[in-house]
Structures are given as structure tokens and as C-alpha cells.
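Student: What follows is the residue order along each chain.
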Amino acid sequence: MPADSPTSSRPMVDPRGPRFGAAVTTVVLALALVLMGTAAGTVLVAWQTLVFGLGALVGLHAQPYGVLFRRVVRPRLAPPAEMEDAAPPRFAQAVGLLFMVVALIALLAGSTIVATVAVAFALAAAFLNAAFNFCLGCEMYLLVARLRHS
Amino acid sequence: MTGVWILIGVLLLATMFGLWFRRVNGRVRDTRPAGLAMVGPNDPPAAIEEPTPQAIALAEALEGRLGERATMVQFSSAFCQPCRATRRILEEVSVMVPGVSHVEIDAEENLELVRALDIRRTPTVLFLDRAGVVRKQASGQPRKADVVAALGEILPGGAPDFVI
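Protein chains in written order, with our numbering: chain F, 156 to 305; chain C, 372 to 535.
Reference excerpt, derived from the structure (chain C facing chain F, CB under 8 Å, subset only): (1) 378; (2) 381; (3) 392; (4) 478; (5) 479; (6) 486; (7) 492.
Listed next, the in silico DMTMM-like pairs over lysine to aspartate or glutamate satisfying Cα-Cα at most 25 Å (straight line): (8) C:515 x C:439; (9) C:515 x F:237; (10) C:515 x C:477; (11) C:515 x C:463; (12) C:515 x C:462; (13) C:515 x C:401; (14) C:515 x F:239; (15) C:515 x F:294; (16) C:515 x F:240.
Simulated from the structure, these hints should not be mistaken for laboratory data.
Glycine is no exception: its CB is placed at the ideal position from the N, C-alpha and C atoms.
Isolated chain F, as found in the complex (with noise of 0.2 Å):
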């Protein structure tokens, strides 16, 4: 079956939000790395894994980075080009969650380097997805779907 299956009843999205909330994602993590082992650090994880998880959840209009472009920063751009599906980047926020999971759980548990290097890889694909528009999902989403049905 095509995967052109009408698109008007699904959740779209500003493609410049995502991209917006990437890179505020990239900024809180390198001060998270930064401040690691530190209870700033701590703090930083916790709110990053609170953001992905309303992102991830609860969709990505209750994303708070998201929420931020929408009522400061999109009132001052031009409308978009077009519209996007809202499900690719629901599932970066996924994935992100997924790390930060692991990172806050490792704190908890006082393993400050399964932290960091949690942090590390969840900073790389944030900053991947601001910087240069690479899609985690595009990438992964399909290995995952083989593995899982194999």
C-alpha cells in the first residue's frame, strides 16, 4: 500500500518548530554534559527527560520548546512554506527520551559515566537534527521494524 494516505486528518507541525526545539535541546544538554556529576547537571537531565517525554506522550504541542515557538518566536517569522507530518519528529522525541531514561536512571543510581555517555549520544542526534536536518527516525525506524518482525 502507498504510503500517500491523506494527510489532512493528522497532526501537522511548523517544520521550523522541531527544528527550533533541536536546538534549545542541543544547548541544555552541552550545559548538562558540562555540569555533569554537579546537582545542576542532575537538575538539567531531569528537565530534558521531562521535555522529551511531553513531546514523545503527549504530543508535540504540549513540548515545551515547542510552546515557546509557537507564542514567541513564530509571531515573528513569515508563515511557512508548508505544513509537516507532526509524527516523524514525535518520534526523535521518542528516541531522545529514550536516552535521557537511561542518563536520569544512571544518575539516580550515582553512575555518573552511563550518564554522561547517554547524554553524549542524545546531544549528538539533537545537534545532528539542528545543525544539518538529519532525520533519526528516517535512519532508524526502519532497522528497528526488521529486527522487531525478523
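Put chain C on the given structure of chain F with help from the hints.
Tutor: Frame of chain F, contents of chain C only:
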């Protein structure tokens, strides 16, 4: 202080990866793996002997949807932004070039075919000649000019005389 060095390292590695990715993503290349062998006029007759399992699986999936002169088969998934952009490009080209059709296949719903053809990413575009043989492949969103150039090499009669 360690955190700062890790941060610099991560950003450096990610930048290198990003630049490499930008360069290779969506590039159209010739396909010559076993099973998807090219069958050109200059190939020895041996190349046309038995259709491979991959070729049979693809032919079944495309049943009746082959273009008259060439076919662009796009594998897409739901969580893929560039798939939409790729669809737009391929649809434009298929309207512009007579006899060329664009077929989109949901990768997730056709995992057997995806495995048979070893499709790993979305979007992946296969360029088939009039006989339905895979001649070229692009993984990642291809540029429109590259799509047209690829068709030019595949279409019978050589480069088409249309304007991009």
C-alpha cells in the same frame, strides 16, 4: 573540566559525521549486487538467465504498476520527513517525463520485500528500466537534477530532451 572536553569531542565527531552524511545522502548510484544484476545490451547473455528471488519479489510487488519506459520505486516510512519531499520530487519528474511512473511502497508494511532487497533506510529509491530491472538506487532524499540524470541513463534512446 572533563565535561567540556567531552562536549567538544561530541560536537566535533557529530560535525564530521554530518558533513559526510550531507555528501553521500541521496546520491544516485549504479546497482550491481548479485541478484540485481544489470542487464544491458552489452552484457553477456549469461546475465539474463534466471531471475533472482529479489527480482521476483520486486516484480510481484509492482504487478501492473511498471512504467512504460522506466519506474521509480520509493520505499517510505511513517516517521520520515524526507520521504514527503522525495515523493514530491518523483511525482514532478514522473509528470514531466513521459512513460515514467512513480510507485511508493510503505516499507513497514512490506518488510519481506524490504529484507529481500536489503533496504535499510527511508527514503530509498530504486530506478527500474523498462524491463523492470533495478539499474540505479538512491538512499536518502535525491536531488531532482540527479533523478533526471539517472533516468536519462536508463531510458531507451538515451538522455531525454526535456528541461528541468
